[in-house]
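Produce the complete structure using the sequences and hints provided.
Top to bottom, those sequences are chains F and Z. Throughout, our numbering is defined as the position within the first sequence, counted from one, plus 15. Throughout, our numbering is defined as the position within the second sequence, counted from one, plus 103.
It cannot be assumed that every hint is accurate.
Computed spacing ranges between beta-carbons, pair by pair [unchecked claim]:
hint, chain 1, residue 1, chain 2, residue 2, range
1, F, K163, Z, K229, 48 to 54 Å
2, F, N35, Z, T246, 15 to 21 Å
3, Z, M315, F, K93, 47 to 53 Å
4, Z, K138, F, N52, 37 to 43 Å
5, Z, N244, F, K226, 39 to 45 Å
6, F, E183, Z, D240, 28 to 34 Å
7, Z, D240, F, E50, 19 to 25 Å
8, Z, L289, F, E50, 46 to 52 Å
9, F, K180, Z, T246, 52 to 58 Å
Some chain F residues judged to face chain Z by a derived CB distance under 10 Å, without partners named [unchecked claim]:
hint, residue
10, K42
11, I51
12, K58
13, K104
What the hints contain is simulated information worked out from the structure, not anything from laboratory work. From a predicted model like this one, the values you see are computed outputs, not experimental measurements. Just so it is clear, CB atoms sit at the ideal spot from N, CA and C, and this is done for glycine as well.
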Amino acid sequence: MNIIRAILLLIFFVTPVKANTIYNLIKIPNLEIYEINTKNKLKYFYAVRPFRLGTQKNIVCSNANKKDLEEKYKIIYKNLNRYSYDYLKKINLKYIVLCENLSISELYTAGIPDNIMKTLILDIQFNEDYFERVIHHEVFHIIYLQYKEIFNDEEWIKFNNPKFKYAECSTCTKNIGLEKYKETKGFFTEYSKSTASEDMAEVYSHMIFLKKEEINQIRKSDPILNNKILYIENKIKQIDNTFTF
Amino acid sequence: MIKKIKASASEKFIFIFLIILSVATFSTYFVVKNKCLFVKNFNPKDITFKKPNNIAILNAPCGNVIIELYPNVSPNAVQRFVTLIKSNAYENIAFHRVIENKLIQAGDLEFGKKGNLDYGKIGTGKSGLGTIKSEIDNSFNYTKGSVGLARTFKNDTEDSQFFIILQDEPLFEGEYTPVGKVLYGLEVLKKIKYESRSEYILRPDFINSFKMLN
Numbered sequence: 016m017n018i019i020r021a022i023l024l025l026i027f028f029v030t031p032v033k034a035n036t037i038y039n040l041i042k043i044p045n046l047e048i049y050e051i052n053t054k055n056k057l058k059y060f061y062a063v064r065p066f067r068l069g070t071q072k073n074i075v076c077s078n079a080n081k082k083d084l085e086e087k088y089k090i091i092y093k094n095l096n097r098y099s100y101d102y103l104k105k106i107n108l109k110y111i112v113l114c115e116n117l118s119i120s121e122l123y124t125a126g127i128p129d130n131i132m133k134t135l136i137l138d139i140q141f142n143e144d145y146f147e148r149v150i151h152h153e154v155f156h157i158i159y160l161q162y163k164e165i166f167n168d169e170e171w172i173k174f175n176n177p178k179f180k181y182a183e184c185s186t187c188t189k190n191i192g193l194e195k196y197k198e199t200k201g202f203f204t205e206y207s208k209s210t211a212s213e214d215m216a217e218v219y220s221h222m223i224f225l226k227k228e229e230i231n232q233i234r235k236s237d238p239i240l241n242n243k244i245l246y247i248e249n250k251i252k253q254i255d256n257t258f259t260f
Numbered sequence: 104m105i106k107k108i109k110a111s112a113s114e115k116f117i118f119i120f121l122i123i124l125s126v127a128t129f130s131t132y133f134v135v136k137n138k139c140l141f142v143k144n145f146n147p148k149d150i151t152f153k154k155p156n157n158i159a160i161l162n163a164p165c166g167n168v169i170i171e172l173y174p175n176v177s178p179n180a181v182q183r184f185v186t187l188i189k190s191n192a193y194e195n196i197a198f199h200r201v202i203e204n205k206l207i208q209a210g211d212l213e214f215g216k217k218g219n220l221d222y223g224k225i226g227t228g229k230s231g232l233g234t235i236k237s238e239i240d241n242s243f244n245y246t247k248g249s250v251g252l253a254r255t256f257k258n259d260t261e262d263s264q265f266f267i268i269l270q271d272e273p274l275f276e277g278e279y280t281p282v283g284k285v286l287y288g289l290e291v292l293k294k295i296k297y298e299s300r301s302e303y304i305l306r307p308d309f310i311n312s313f314k315m316l317n
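Here it is as structure tokens:
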């Protein structure tokens, strides 16, 4: 027992000093500050070297190319700037990590939210066509994680046709299309059909991204989506009644 | 008859050189050994403060660190800090976490007390007064010398541990509850024992005393 204690103490005292403030704050290595003086106090970091995360090191992302970074930062900044400091504080989002080719268990993904560490990792190389909207999709996942008690999957499922079933998980299906359906029929995209939380995120991101007239049109023509939009609207109001889509 | 032998010029030179060398070695030994030799020790009695009621004096091995507390920024945190200072709770408590030219941390009242250090648990101890809520909404510039309350990964877990930063840390704003800023004595803090291979210190330095000016 004493030997184990001595070994533990030895490891404890010979651990090299990693005096890296970013790492201490969000536990992601190889990051540097991109921009921290923003109106809504979001802090943007970028990967200077590839990093691996998770207990099984299954989250991988590469360092960001400077040119891509400059270009994509403007887009990300513009989109996230619509969220106020108060809103971001309520949903627990403070740090944005920009990197390339983000994957989890070898599956490429647009973003990885972590409400505990107040961090959203974004892949700046993600599909150009949906890049902007997907930023809000990932923001919703932060909200969903932060307010699990507010968003109820069972309630949500009841909006759908009783015969419809979501996939077992968001990566358990090959239907991951992000293009907006011309005829929605209760779902904005193919990916909406993966899980309830992904469906919610798709509704939220479209509510942010589409023009108000388009949303109103959809509400009139699609009763299922109308219910879903109303649900998201009410739940977000519960979190911050000053927020407007 | 014994003949007196005169020393040659080179012998005289070597002799003088050896004397100078030994004097230099001897004096260097004492200079190096005394890490506080060139550190100015500020006497709070010689200084006029705008808000003397908000001044706290931490006495470390190399002298006084004079801190102004900001109750208007973090009222509850400063109240907790002052309560602990006034009860002499910080006396003989270790500077258990020190990163050279970056940060010093102290205030583990449970496992950081002189004579009762627990290296396995240091940094996790409590004050017995319970935790307090984080006060991170007011804007505060975490410039060199800022004093904040330490916490666990989660907010609202501040207790008695505090840190003083030795370099600007803009990312600390909105993360850690500020309680004040060092007005005089940053050099004293830079002399607190650190280790290059570890943030946690074996045989650390201790707070001699921590008192309010008034």
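These are the hints, each one checked on the structure:
1. F/K163 / Z/K229: 48 to 54 Å: The hint (48 to 54 Å, Cβ to Cβ) is violated, given that F/K163 and Z/K229 are roughly 29 Å apart.
2. F/N35 / Z/T246: 15 to 21 Å: holds, 19 Å
3. Z/M315 / F/K93: 47 to 53 Å: holds, 50 Å
4. Z/K138 / F/N52: 37 to 43 Å: holds, 38 Å
5. Z/N244 / F/K226: 39 to 45 Å: 41 Å Cβ-Cβ, so the 39 to 45 Å window holds.
6. F/E183 / Z/D240: 28 to 34 Å: violated, 42 Å
7. Z/D240 / F/E50: 19 to 25 Å: holds, 22 Å
8. Z/L289 / F/E50: 46 to 52 Å: violated, 29 Å
9. F/K180 / Z/T246: 52 to 58 Å: With Cβ atoms ~57 Å apart, the hint holds.
10. K42: Holds, about 9 Å.
11. I51: holds, 6 Å
12. K58: holds, 7 Å
13. K104: holds, 8 Å
In terms of the numbered hints stated before, the structure departs from hints 1, 6, 8, listed from lowest to highest.
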